[in-house]
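A.B. asks: I would like the entire structure built from these sequences, with the hints used as guidance.
Chain residues, written in single-letter form:
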Amino acid sequence: MPHFRFHLRRRGELIADDEGAELPHLEAAYLQAFDSAEELWPMLLAKREDPIAYSFEVVDARGRLLFVLPLAEVLETARKRSPRVEALAEGAMTSTLLARGESLRTSLVDQIAIARRTVGETRALLNNLGKREPGA
Amino acid sequence: MSDADRMIDRGAAARLAQPRTNRLLDRLHPEDLARLKPHLKPMEMRRGDVLHEARGAIGRVYFPLGGMVSLIAVMQTGEMIETAAIGRDGAVGAAVASDLWRSFSQAVVQIPGPALQIGAADFVHACRASPGLTALMSRHQAVVLLQAQQNSACHALHSIEMRLARWMLQAQDMLGGSTIELTQESLAQMLGVQRTSVSLCAHALQRQGLIDYARGRIAILDRAGLEHCACECYATIRSETEEALAPLGAAAM
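Chains as they are written, first to last, in my numbering: chain A, 618 to 753; chain B, -4 to 248.
Not one of these hints is a red herring.
Short, incomplete list of chain B residues facing chain A, as computed with Cβ under 7 Å:
1. Q179
2. Q189
3. T191
4. S194
5. H198
Chain B residues, not near chain A, derived (Cβ > 12 Å throughout):
6. P33
7. R50
8. G114
9. A115
10. R123
11. L140
12. Q144
13. A166
14. D168
15. E227
The hints are simulated quantities; they were obtained by calculation from the structure and are not laboratory data.
Note that beta-carbon positions come from the ideal geometry of N, C-alpha and C, so glycine has one too.
C.D. replies: Next comes the structure, spelled out in structure tokens:
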């Protein structure tokens, strides 16, 4: 399962998530960030801190930013969404899906290159073997 | 060497120095201990081992000599929360002494350690022959019940940061030493909160110089400061546990 880290940003400060979590896919990571954001609201308010100053920056195992979830986004579920917000949310989901597709494609290309290299090396080794042992 | 490293070193030394005993067994009259001894088998509790399933039969009773076992309430959604924690000052499954043969909660090893195990039937047989043993186990059950009661109040009334501080103090009392090896994920499950909340609260405690928490290892740097951050539940559970472990009959005197 892919590994996700949920860094928490408060203006200039980044509270790094050094443990992270294994989750089946990006959507699960988004839902987890959302559930976490919901829980942080009362926690921060009780400490007289402004939740709107916070956002989650979710990155993959290589540290690449997958999406940002401002804590303010939780409020959207309590409001009737305007068509603009709806379109933005849809756009965000589409772009995360596209990003996921792109990262899958990149890793596939990497894997093919590695496989090609291995096949090439094996061939070269077999050739050398043939030259050294002509009687075999 | 950083301060945290030094603390961890001291923690390791203290862990080695800690006696591998169970405080309930230590409290037993030599005659009662002799009744149990032939049946007690040493074992290692590994992280994640389920000793009893929720609503499952209690086949064995465990006396931890180290480590920590959580009694966990598991919801149908898979969400869970710790209702009590048992270490070398208690026993897991001692309810059989009161003729309760099913475990209400799931007993899971959170922190590995050695233990002594005994078949539930042998244990009950020994209890029936000794009012002293039965009385001590009833006292221990009362402590488990107290923990569950205190926890339900604590979960409803106290902040996650206070509860986290309390949990760390309790774990340190149970384990000895100044470091606790536990992931944020496990801590979050025990506290019944999101892992990111544990991360944020731990960050706040760390910024105050009370703990150091990195890569699944919690080092307690300032115990007095941490006690100041914890809720009253820490002191309540601690004093009640100590009272229950006092020599039998002492409370009545």
